[in-house]
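J.: Here are the chains, one letter per residue:
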Amino acid sequence: MSVTVIVINALAVAGLGVSLARDRGKTLAALQVALRSALRLGPIILLVVLLIGLLFAFLPPDRLSALLGERSGVAGVLLAAALGAVLHIPALISFPLAGSLREMGASVTTVAAFITTLTMIGIVTLPVEIRELGRTRALLRNALSLAGALAIAAIMGLIL
Amino acid sequence: MKAAGPAQERERQRRALRRDLAILAAAAAATVVLLVLYPERRPLAVRTIWDYLAEMLQVLPAIVILMGLFAVWVTRDQVTRHLGHVSGLRGAAVALVLGALPTGPLYVAFPIARGLLDKGASTANVIIFLSAWACLKLPQEIMELRFLGLEFMLLRLGLTAGFVLLMGTLIGAVVRRQEGKPSRTPSMEEN
Numbered sequence: 642m643s644v645t646v647i648v649i650n651a652l653a654v655a656g657l658g659v660s661l662a663r664d665r666g667k668t669l670a671a672l673q674v675a676l677r678s679a680l681r682l683g684p685i686i687l688l689v690v691l692l693i694g695l696l697f698a699f700l701p702p703d704r705l706s707a708l709l710g711e712r713s714g715v716a717g718v719l720l721a722a723a724l725g726a727v728l729h730i731p732a733l734i735s736f737p738l739a740g741s742l743r744e745m746g747a748s749v750t751t752v753a754a755f756i757t758t759l760t761m762i763g764i765v766t767l768p769v770e771i772r773e774l775g776r777t778r779a780l781l782r783n784a785l786s787l788a789g790a791l792a793i794a795a796i797m798g799l800i801l
Numbered sequence: 019m020k021a022a023g024p025a026q027e028r029e030r031q032r033r034a035l036r037r038d039l040a041i042l043a044a045a046a047a048a049t050v051v052l053l054v055l056y057p058e059r060r061p062l063a064v065r066t067i068w069d070y071l072a073e074m075l076q077v078l079p080a081i082v083i084l085m086g087l088f089a090v091w092v093t094r095d096q097v098t099r100h101l102g103h104v105s106g107l108r109g110a111a112v113a114l115v116l117g118a119l120p121t122g123p124l125y126v127a128f129p130i131a132r133g134l135l136d137k138g139a140s141t142a143n144v145i146i147f148l149s150a151w152a153c154l155k156l157p158q159e160i161m162e163l164r165f166l167g168l169e170f171m172l173l174r175l176g177l178t179a180g181f182v183l184l185m186g187t188l189i190g191a192v193v194r195r196q197e198g199k200p201s202r203t204p205s206m207e208e209n
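These protein sequences, in sequence, are chains D and A.
Just so it is clear: in the first sequence, position 93 is 734 by our numbering, and no numbers are missing.
Just so it is clear: in the second sequence, position 104 is 122 by our numbering, and no numbers are missing.
Keep in mind the hints are simulated off the structure, nothing from the lab.
There may be inaccurate statements among the hints.
[Said to hold, decoys possible] Some chain D residues flagged as far from chain A (calculated, every beta-carbon gap over 12 Å):
hint, residue
1, 707
2, 716
3, 719
4, 723
5, 727
[As the list claims (entries may be wrong)] Pairwise CB distance ranges (calculated):
hint, chain 1, residue 1, chain 2, residue 2, range
6, A, 39, D, 658, 31 to 37 Å
7, A, 75, D, 772, 35 to 41 Å
8, D, 777, A, 54, 49 to 55 Å
9, D, 792, A, 156, 20 to 26 Å
C-beta atoms are modelled at their ideal positions from N, C-alpha and C, and glycine is treated no differently.
With the sequences and hints as input, model every part of the structure.
T.: Written as structure tokens, this is what we have:
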């Protein structure tokens, strides 16, 4: 087991301990929320794991790296950014998915573009955003986020 | 603020869960069919599925427990109360930090953002809050750390935080020029 896993689990246990010492009822409520989150996330996590398995088994690595790898250039980054903007999957799940793409040969730039547009831009939620915040704020926020995501991805590709 | 009632929210979640389970069942069936048709791909597929599942299960309980603790100890009311009346650089920092706390999915954040605007919070801070809510969620970062590594995570978070601050300020300036006022018309609503 890696250091990360140990630290993270220690953190959760410590948090629970402190919470329990301060308020028993709240801690039970927290565990209920945790259980509900786990149930909510469970099916999606299994879905993504299946998808990753199929990708590994059926997508030839050179095909993926042609689409999203170093050689894919600007087209690959734009493809990843567009996918991220349109898809509506929880960010929590996007990280393992992105990690698997990376392992199969996707470049840092495309993976960063995908995660950033996925989390920052919401085409699906855009109508709600316009209704609540007004057209100017919502449209500007999404458009600038796209530009920002591409910039962030480019910088990450240069550094890493 | 127009937050959905708890019963309505539970019904929504139940429907979402049913939908996810249906999609999962379809995907599982498709996987089985594919692996029966192509037995030579089976070992790699099974091993990959197993590896990723194991990796996720090592961190998932911790993630949901941290989410639960945050949900109980840091309530949405506390978040809104803090954001309503701070401004300037401090306000921007507070908006960034509060947005990063895990208090629900993005669609929950829109009504909260609307409420903040109504109470007179600046556009810049509300945009910063919303964007941080969307892409800087603390427990999720455990997954990023696990699957993409520390360097990738820190660099992405740093760049994103910087960009969000910049974008918030910019949109704030545009809206101010457009409306000739620091924020959208405050409603008469008290508290």
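J.: Check each numbered hint against the structure and report the violated ones by number, ascending.
T.: Structure breaks no hint.
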